[in-house]
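Q: Please build the complex by placing chain B on the supplied structure of chain A, with the hints as guidance.
For reference, the chains in residue letters:
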Amino acid sequence: GNSVTQMEGPVTLSEEAFLTINCTYTATGYPSLFWYVQYPGEGLQLLLKATKADDKGSNKGFEATYRKETTSFHLEKGSVQVSDSAVYFCALLSGAGSYQLTFGKGTKLSVIP
Amino acid sequence: DTAVSQTPKYLVTQMGNDKSIKCEQNLGHDTMYWYKQDSKKFLKIMFSYNNKELIINETVPNRFSPKSPDKAHLNLHINSLELGDSAVYFCASSPNDRVDGYTFGSGTRLTVV
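Protein chains in written order, with the numbering used here: chain A, -13 to 99; chain B, 253 to 365.
Just chain B, with the same shape it has in the complex:
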């Protein structure tokens, strides 16, 4: 069983389109995250939700909107895609004590053309 699963794994789309990435975790964790990894492998947090409540919202264009229908799901919707949005997006989850760090999904490689 995959602990944190993201779909799709690859996403190629044109500038200006709207797209969504889905994330689900079956670990019973209370907190979920979205990270962006750029072409130099640098990881930057975008959002974090705890029990469906937004708790971290870093400086991210408002074209990016997270949605958490329940604590097992955190989806990322991106409007009006730009070339600079091309990156790998990782979903992660953790229990509240975070003693073991985070569990990451396998990533979604987004390419905007």
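With the rest of the complex left out, here is chain A:
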């Protein structure tokens, strides 16, 4: 079956530090990959996506590259801000006809001034 594994948190960083949240996946076929963000007390928002190998998704200074050879989709940001404090979820959608978005367990990021 499909599965997503992401690094366990919580992660605490100082403002302007470099962020990496690791994500690896197992899937049949060629999945689409996503990062969602959940700010405190809110629902999930799509942060970025990639639909095929070597695609790079980017948004709000965050980036992730779809690496088929390592089955990874690591999230990075060069300089985090306090407003980036949230829970980040890696997710995949595999193959045609699949209706289920499979999530990782989430990584809580806290950025301190």
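All clues stand as given, with none of them false.
Here are the simulated BS3-like pairs of lysine-lysine, each with C-alpha atoms no more than 25 angstroms apart in a straight line:
hint: 1; chain 1: B; residue 1: K293; chain 2: A; residue 2: K91
hint: 2; chain 1: A; residue 1: K94; chain 2: B; residue 2: K293
hint: 3; chain 1: A; residue 1: K94; chain 2: B; residue 2: K296
hint: 4; chain 1: B; residue 1: K319; chain 2: B; residue 2: K274
hint: 5; chain 1: B; residue 1: K261; chain 2: A; residue 2: K94
hint: 6; chain 1: B; residue 1: K274; chain 2: B; residue 2: K288
hint: 7; chain 1: B; residue 1: K293; chain 2: B; residue 2: K271
Label pairs and their computed distance ranges (CB to CB):
hint: 8; chain 1: A; residue 1: S71; chain 2: B; residue 2: V312; range: 29 to 39 angstroms
hint: 9; chain 1: A; residue 1: T(-2); chain 2: B; residue 2: E305; range: 43 to 53 angstroms
hint: 10; chain 1: B; residue 1: E305; chain 2: A; residue 2: V68; range: 41 to 51 angstroms
These aren't lab readings, by the way, just hints derived from the structure by calculation. Positions of the beta carbon are idealized from the N, C-alpha and C atoms, including for glycine.
A: Frame of chain A, contents of chain B only:
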């Protein structure tokens, strides 16, 4: 305009009661979902409907019954509430191609006392 709206946002109720959560989307999407998020932030799909037809029904107690009167609405009814049902419930929707993943509502925090 809110794309996916859920009501109520908070729900506190006693064990044994029956309650409903409503969800509506104005995006014209064909598929709607219910997810449960536990206290550790883990997201698990419960149900999915495509054009009012049930297509995913994960291992969920039959006290949970989804109802889709039309493709813009997917309500969740829960009978005989138990303490373990306390969680945040998210509604989501997607177009059939799901290229952009899902659009989520802001969640309903259910507390059973």
